[in-house]
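Student: Listed below, chain by chain, are the residues.
There are 2 protein chains.
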Amino acid sequence: MRKELFKHEIAILKDTFGRLLRRHAQTNLVKLINKTHPADLAIVFRYFNDEEQKQVFSLMQANDHTVEFLVELDDTLIEKILDTENAERVSSLIQNASTNDQSYILGSLKEEQAQSVIDLLKKEEQEEIEEIMAYPQDSAGSMMATDVFTLYQNTTCGDALKTLQDQQEAEMVFYLYITDEDDSLVGVASLRALATTPSNTLLKDIMEKRVHSVRPETDQEDVAQIVAQYNYLAVPVIDGDGRLLGIVTVDDVVDVIREEATEDFLQMAGAGKDREILLKSSWENAKVRLPWLFASWIGGVMAAYIIGKYENMLESMIALAAFIPIIIGMGGNIGTQSSTIIVRGMATGRIEIGNEFKVLLKELRVGLILGVLYGIMLGIFANFKFLGSDPMLGVVVGLSICSSMLLATAVGTFTPLILRKLDIDPAVATGPFVTTSIDILGVLLYFMIAGLLLTL
Amino acid sequence: MRKELFKHEIAILKDTFGRLLRRHAQTNLVKLINKTHPADLAIVFRYFNDEEQKQVFSLMQANDHTVEFLVELDDTLIEKILDTENAERVSSLIQNASTNDQSYILGSLKEEQAQSVIDLLKKEEQEEIEEIMAYPQDSAGSMMATDVFTLYQNTTCGDALKTLQDQQEAEMVFYLYITDEDDSLVGVASLRALATTPSNTLLKDIMEKRVHSVRPETDQEDVAQIVAQYNYLAVPVIDGDGRLLGIVTVDDVVDVIREEATEDFLQMAGAGKDREILLKSSWENAKVRLPWLFASWIGGVMAAYIIGKYENMLESMIALAAFIPIIIGMGGNIGTQSSTIIVRGMATGRIEIGNEFKVLLKELRVGLILGVLYGIMLGIFANFKFLGSDPMLGVVVGLSICSSMLLATAVGTFTPLILRKLDIDPAVATGPFVTTSIDILGVLLYFMIAGLLLTL
Numbered sequence: 000m001r002k003e004l005f006k007h008e009i010a011i012l013k014d015t016f017g018r019l020l021r022r023h024a025q026t027n028l029v030k031l032i033n034k035t036h037p038a039d040l041a042i043v044f045r046y047f048n049d050e051e052q053k054q055v056f057s058l059m060q061a062n063d064h065t066v067e068f069l070v071e072l073d074d075t076l077i078e079k080i081l082d083t084e085n086a087e088r089v090s091s092l093i094q095n096a097s098t099n100d101q102s103y104i105l106g107s108l109k110e111e112q113a114q115s116v117i118d119l120l121k122k123e124e125q126e127e128i129e130e131i132m133a134y135p136q137d138s139a140g141s142m143m144a145t146d147v148f149t150l151y152q153n154t155t156c157g158d159a160l161k162t163l164q165d166q167q168e169a170e171m172v173f174y175l176y177i178t179d180e181d182d183s184l185v186g187v188a189s190l191r192a193l194a195t196t197p198s199n200t201l202l203k204d205i206m207e208k209r210v211h212s213v214r215p216e217t218d219q220e221d222v223a224q225i226v227a228q229y230n231y232l233a234v235p236v237i238d239g240d241g242r243l244l245g246i247v248t249v250d251d252v253v254d255v256i257r258e259e260a261t262e263d264f265l266q267m268a269g270a271g272k273d274r275e276i277l278l279k280s281s282w283e284n285a286k287v288r289l290p291w292l293f294a295s296w297i298g299g300v301m302a303a304y305i306i307g308k309y310e311n312m313l314e315s316m317i318a319l320a321a322f323i324p325i326i327i328g329m330g331g332n333i334g335t336q337s338s339t340i341i342v343r344g345m346a347t348g349r350i351e352i353g354n355e356f357k358v359l360l361k362e363l364r365v366g367l368i369l370g371v372l373y374g375i376m377l378g379i380f381a382n383f384k385f386l387g388s389d390p391m392l393g394v395v396v397g398l399s400i401c402s403s404m405l406l407a408t409a410v411g412t413f414t415p416l417i418l419r420k421l422d423i424d425p426a427v428a429t430g431p432f433v434t435t436s437i438d439i440l441g442v443l444l445y446f447m448i449a450g451l452l453l454t455l
Numbered sequence: 000m001r002k003e004l005f006k007h008e009i010a011i012l013k014d015t016f017g018r019l020l021r022r023h024a025q026t027n028l029v030k031l032i033n034k035t036h037p038a039d040l041a042i043v044f045r046y047f048n049d050e051e052q053k054q055v056f057s058l059m060q061a062n063d064h065t066v067e068f069l070v071e072l073d074d075t076l077i078e079k080i081l082d083t084e085n086a087e088r089v090s091s092l093i094q095n096a097s098t099n100d101q102s103y104i105l106g107s108l109k110e111e112q113a114q115s116v117i118d119l120l121k122k123e124e125q126e127e128i129e130e131i132m133a134y135p136q137d138s139a140g141s142m143m144a145t146d147v148f149t150l151y152q153n154t155t156c157g158d159a160l161k162t163l164q165d166q167q168e169a170e171m172v173f174y175l176y177i178t179d180e181d182d183s184l185v186g187v188a189s190l191r192a193l194a195t196t197p198s199n200t201l202l203k204d205i206m207e208k209r210v211h212s213v214r215p216e217t218d219q220e221d222v223a224q225i226v227a228q229y230n231y232l233a234v235p236v237i238d239g240d241g242r243l244l245g246i247v248t249v250d251d252v253v254d255v256i257r258e259e260a261t262e263d264f265l266q267m268a269g270a271g272k273d274r275e276i277l278l279k280s281s282w283e284n285a286k287v288r289l290p291w292l293f294a295s296w297i298g299g300v301m302a303a304y305i306i307g308k309y310e311n312m313l314e315s316m317i318a319l320a321a322f323i324p325i326i327i328g329m330g331g332n333i334g335t336q337s338s339t340i341i342v343r344g345m346a347t348g349r350i351e352i353g354n355e356f357k358v359l360l361k362e363l364r365v366g367l368i369l370g371v372l373y374g375i376m377l378g379i380f381a382n383f384k385f386l387g388s389d390p391m392l393g394v395v396v397g398l399s400i401c402s403s404m405l406l407a408t409a410v411g412t413f414t415p416l417i418l419r420k421l422d423i424d425p426a427v428a429t430g431p432f433v434t435t436s437i438d439i440l441g442v443l444l445y446f447m448i449a450g451l452l453l454t455l
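Those protein sequence lines, which keep their order, are chains A and B. Here numbering that gives the first Met the number 0 is used: the first residue of the first sequence is 0, the next is one more, and so on. Here numbering that gives the first Met the number 0 is used: the first residue of the second sequence is 0, the next is one more, and so on.
Okay, chain A solo, but in the shape it has when bound (with noise of 0.2 Å):
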């Protein structure tokens, strides 16, 4: 029911854009842009057209609400809109935004472009941007807000809570962050504890000295794990010297987690891991899906090559022909269930380095069970339907999607394992190698199990 009321919210402001787009309302336009919330601004400008995105976007001003609405946007998107804009526009609407702010949106653009808009920002501005552009895309340094309000560890709660009150810049402030002489990050305060605790007290005194933290290098998905695990709303990013650097935010942490799991699941199915390929042209999606698609063509090649072995087999029985779909059919789909198992439960952390073994046997365990069971209903398909043939085709039937389910939960279990053993994304490259193997394995067994089992 509330889905309803919030995607019909959406729903009429995107009429509402949509009329006054229409009109050329440009006053009215200019109040609805102001008055939107950025986020619900940035879904509703998916749906414009190239000509109204332009538009809306040359209405809006440099403040607060740009740069909110920019940053909701994905880079693909960034890139388009600002790609023609000259660099003082952007330099203009970015100027007063957050460094981790101004940094995604510089990233989002063009090299010679995001270089042109840094030259017109402030010298100090300038060498931040370039300090947090230099950590590695999806590290923690690249997502991190700089601006973190910290204490020394000598002050007391008391003055601690008057120079929380003075603070202006740091606008989300989740923990208090203390440190100690050298700067270093020792220790971290609830703004309640600091609320309810006599004013004389010192910082040091109250503060947690066991503190989670990560290195700008480590990978999002690692600080992702970290803050879900110790339900955090924030962590910090220290140096080598242990020194506070900023703090990624559960807010930023949400983002990363969805986008990992839609990247993984594109990436399953081979078809990239680009969360905006909606956005791609159908050019650039059927030149990221291809690779996968080529292995599975050389898988089909090779098992026509195999088939073309055995010609003599089919001519003495045709009937062997119609089971073919679904012998590598049922291999595939049984195989594809345990890779999707198998690296799901990687991402999340429930396989392990030492459960590997168990879980294998009970993928084997599952295959044989539904084997059996689908060969068996198979066999007697087999013979029923095809009363002239030899009525050993319902056991070589049988036999064969039973061996090739089996198999295919071992290849499904054990591509992913391995893969992450040799530090290759499973995600990546699990799919393509599961379902074209189980297509040459598959047919290669079923035509073994014939020339074995029928006299022909």
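Simulated from the structure, these hints should not be mistaken for laboratory data. None of these values were measured; they are calculated from a predicted model. Be a bit skeptical, because a hint or two may be false.
Heads up, the list lumps identical chains together, so a pair's fine if it works in one copy or across two of them.
[As the list claims (entries may be wrong)] Each computed SDA-like pair below joins lysine to any residue, with the alpha-carbon atoms no more than 20 Å apart:
1) K161 to S198
2) K420 to N230
3) K79 to K357
4) K272 to M345
5) K384 to N230
6) K203 to D179
Since the structure of chain A is already known, use the hints to place chain B on it.
Tutor: Just chain B now, kept in the frame of chain A:
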């Protein structure tokens, strides 16, 4: 690098527990349990065998640490370890927990056991728990925290700050929720706004009046979407009269997002939706995966039936059989790519009502590009490999693969879009439908094209 470190810590913890368990070193085990973060303990706990799990849990005392540990476990595991405990122990364990932790733990137990535990709790707690447990599973009501700190709108900021400092209960104060004389939620203020405003200002003059709220029936996925979209730390849950019932906090939303992604993954592969599939027995596993495989079995049987119908054609040109795997395989794979992009695009809100047609057209273009490419490649291979055959064989297989891939993109795109229109979860039903229909349609198309172009 940091990932290794994090995993390293868990590995050490696992080893230490293992050693102490083997030595039955009770005193040291108790010490280690109390020293370990509940979230870490929950991770390590998965690796223990049944015996070890029992031993560790029997050493845990009735305190906050144990409750935090329990709520970090998945429901299957909670049920398993509490199943043999008597109602007295369970009720003493959870009696001081928050209502939503209590109801999460009780909701994981068998109904009978949960009821006997509830009977042992205090009257008022019983009522609160029963209220929470009455909300549908996976709704905002079932996951909200009910001990929310609220303030009356005519309170001054100074008084509010004092009241806040006396609060012991509401541990996680994210926002200050402000109500009117009827207890209706009328606004929200940040802790910072309170601290930085002159103390005689009334709350109603500083509060933000536009508050995004949800109903207790709201699905957790929609709650997650709101929190993610607006970067909230918590979202209030209100009843029909606008009264504040509780809040859903971002840490729970993080869990929801991870779990929903995992469920979608498993469902798309027809492996059920149970995140704890690894904890289930092989039989249960097989049972869950049976239905999709049955759909695929039916598809395979129908394909066998179709091929049987074209037996004469196969007899005259046995080479036709060799290309069956590649034609259905390429179709199945590109269809899976399309449906994955669509299912995930709908889950993340990238595909909405209104742009389906555009998406379908783009997929068809991608299907055409790749179909033509791989069709030509296969056509050349077929004529090269089966030199003895009809030269038209290359044209037949080339055309077949192209049309099978084009058709597959259409089916892969259409199916999830239509399922959503029918209010069926696209993640559940898309997978089996797409691969099964390509098995059938691909084979049918192939033989129809062969019948038209070959003179057999």
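Student: How would you classify K420 and N230 at a CA-CA limit of 20 Å: within, between, both, or neither?
Tutor: Neither, since 29 Å and 36 Å both go past 20 Å.
Student: Indicate which option fits the pair K384, N230 if close means a Cα-Cα distance not exceeding 20 Å: within, between, both or neither.
Tutor: Intra 59 Å, inter 60 Å, cutoff 20 Å: neither.
Student: First find the shortest C-alpha distance between K272 and M345 inside one copy, then the shortest across copies, and answer within, between, both or neither for a cut-off of 20 Å.
Tutor: Both. Shortest intra-copy (18 Å) and inter-copy (16 Å) distances satisfy the 20 Å Cα cut-off.
Student: Is it within, between, both, or neither for K79 and K357, if the alpha carbons may be no more than 20 Å apart?
Tutor: So K79 and K357 pass the 20 Å test across copies only (19 Å; inside, 49 Å).
Student: At most 20 Å between CA atoms: does that hold for K161 and S198 within a copy, between copies, both, or neither?
Tutor: Close inside one copy (10 Å) and across copies (14 Å); limit 20 Å.
Student: State whether the alpha carbon distance between K203 and D179 is at most 20 Å within one copy, between copies, both, or neither.
Tutor: within (9 Å within a copy, 40 Å between copies)
The structure fails hints 2, 5 (numbered hints given earlier, in ascending order).
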